[in-house]
Structure formats: structure tokens, C-alpha cells
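Number of protein chains: 2
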Amino acid sequence: MDAAKIKQLRDMTSAGMLDCKKALEEAGGDLEKAAEILRKKGIAKAVKKMGREAAEGGIFAYIHHNNKLGVLLELNCETDFVARNEKFQELGKNIAMHIAASNPQYIKAEDVPEDVIEKEKALQRENLIAEGKPEDKLDKILEGKIRKFLSEITLLGQPYVKEPKMTVEDLIKESITTLGENISVKRFTRYEI
Amino acid sequence: MDAAKIKQLRDMTSAGMLDCKKALEEAGGDLEKAAEILRKKGIAKAVKKMGREAAEGGIFAYIHHNNKLGVLLELNCETDFVARNEKFQELGKNIAMHIAASNPQYIKAEDVPEDVIEKEKALQRENLIAEGKPEDKLDKILEGKIRKFLSEITLLGQPYVKEPKMTVEDLIKESITTLGENISVKRFTRYEI
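Here the protein sequences come in this chain order: A and B. Quick note, the first sequence lines up with residues 1 to 193 if you use the numbering used here. Quick note, the second sequence lines up with residues 1 to 193 if you use the numbering used here.
For the record, the hints were derived by calculation from the structure and aren't laboratory data. One or more hints might be untrue.
A pair holds if it fits inside one copy or across any two, identical chains being indistinguishable in the list.
Unchecked claim - Straight-line C-alpha distance at most 27 Å; calculated DSSO-like pairs for lysine-lysine:
| id | residue 1 | residue 2 |
| --- | --- | --- |
| 1 | K40 | K5 |
| 2 | K40 | K133 |
| 3 | K186 | K93 |
| 4 | K49 | K68 |
| 5 | K162 | K108 |
| 6 | K93 | K45 |
| 7 | K162 | K68 |
| 8 | K108 | K68 |
| 9 | K68 | K186 |
| 10 | K5 | K140 |
| 11 | K93 | K68 |
| 12 | K148 | K22 |
A quick note: this is a predicted structure, and the numbers were derived from the prediction, not measured.
Isolated chain A (complex conformation) (with noise of 0.2 Å):
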């Protein structure tokens, strides 16, 4: 395998030697297909990681240069040492700019108390009769709704501002890749005047 194509492959992904060298020979040397494979494995990794402890981390602020918003987050990862690294404090300044933007209620799907959900599922139901769609089909368009609801109000969820094609959790995942350990964002809290 071509060793300039492999260090072209490992500029384009941040990859080890070994998994650029695999990937390429799984993707018969082209470097695009190389790439999406070594960001699948990278997301399928990351997903692993997700499990696991993460109780280092640390407190980033985010002050609207209007001095009248403002957020508060602590972001977890598992060791001081990445909890240190330029990465991970650009990876918790982003999310806190990000809060402070899009206002997201909830951390994840989980976290939104279920009247909240069947308030929301009702006064869409009345809507959905309202505009005359089948009574058979209801359900099955309220669960998309819903799950529309949900990004919008989860910061997980939703579009991340500086990049609105990736959810705020595609941004952790990455992160996650990249730096190798578990990353999540325990709280936050956004004051606004």
C-alpha cells in the first residue's frame, strides 16, 4: 500500500498508522471510501465508550458579549488528562455557545418528564384533526412529530449552531473519537436577562 496515500489518509481522519493502512486495503485505495470507513469505526467505538465512566471533566462559562446571557456547563470526560487537553476546553466553550443559542431545555430525550411529551402529542393530535388527516394515519405522523419535538428541545438533539448538519451529540461522538474517552455533559444552566 502506497505509504503517501496513507499519510494523506491519516491528515484527512487523525487515524492511527495501522487503521489507515487497514482501511485503505478495505476500500481498495480510495481514500474517500477509507475515510467513511474509519469514521464508522470511529462513531461504533465512541458508541462503546459511552458506557463508561466519565467523572473528571470540567466548568466552562459562556458570556453573550451583551452581558445578558449567559451559561454555565460542566462537561465530564474520565481522566485530568483530557480534561486538559486544547480539544476538550474548545469542545465545552462550543457547547456552551451553543446553549447559550439554541436554548435547549433538556439534556437528552430522557431527561423530558412525560406530561411534558403528551402535552406536546395532544395540541399536535388537535392540529393534525384540524388539518383533516386520517384518523389511521395519526400515530404513526404524531411519532415523527414528537421525535422532531424532542431535537428541538434536547441540546443533544439539536442542530449544533456552528455546524447545523451535525447534532450536538454527533459533536460529542467526535470528540469522543478523537480523544478517546467517554465525554458527557452532566448539567448546564443559562441565565437570560
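Starting from the known structure of chain A, fit chain B onto it as the hints suggest.
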């Protein structure tokens, strides 16, 4: 009255020309006494202002240098003009820093739940009885102990970390006098890893 003395008093207290003149007359020309008179009048004015609505203000954050400790604070005043004043900004930063250092549990004594006070009272009563304090003096001693307890766990009652001779409440009153508007702490959050 000596104009140089009036100027000197103004420099000491930042009070108005006329107030300085009056205070010096009242103090028979004694600078220290005149400053004390102005200080007392200032506090009286501050107390009057403390009833006024304060819906403007700023959000302040303090992150300890090790990134393991952070505070978010909403400090209110009456106008955006004062909110943008450098002294108000400084006050906000100092209070946030104080909260990081002194870890208050509540803003003021009235915010402490009755059961927290009762629990502390019961504990202190037991201690006093164990120490053999006479039964008829317990209530009197307890009163003092609870006052101390409340000042330890409330932001306004705590000795200000940068100048422990004054409380945070004194610090805020001083700023009310200087800035001429009611100033109050609306809420704070403190995260520690």
C-alpha cells in the same frame, strides 16, 4: 468652610459638593467625622432604594483557574445605564468570585427553608445540653447560634471574601450608594467537580 477641605472630603467619599459642605459643618470641620456622617446617610439612602424594582442588570461568570469550579450569577439594577457602568461590572465579577470561594447555599436568610433551620436548631440544642448549659439560657444562646448559621450559609450574610470586615450585603449597599440605584442578586448557580 474651607474649599480645600470640601475637595478632600469629596475625594474620600465621592459624595456631592453640597453634601460634603453640610457634613463638614455638622462635624465641625472634622474630616473623619464628616466622612462617617456621609457614610451613614449613604446607607440610609441605600436602604430606601432597596425597595425599588430592579429588572435590568447583567449575567456574570467566574471560572476558577483550574476549571473545576464555576459560578453563574444574575445581578440586577434598575437601568441599562448602570448595568453598563464599570463599577457595576466590577461588583458582578467580585460577587461571582466570592460565591466560588465561599459556597453560599442561599441568597438571603429568608430563602432558607424552615426545616433546615429547625434541623440545625435541634442539633445545636443537643450540643448545648451535652455541654451542660443551663436550660433557661438555651433559647438565648440558640438564637445567636442560628443567626451565625444563617450568616454562614447565605450569600448576603457571609463576610466578603476580599474584605472580611464587611458582609456581601454591606458590599452591595455600598454600590447602591455609589451607583444610586437598587442592586440585588437575583439568582446564582455554582458547579464544582
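Margin query: I'd like to know which numbered hints this structure contradicts. Please list them from smallest to largest.
Written below: Going through the list in order, the structure violates hints 2, 10 and 12 and respects the others.
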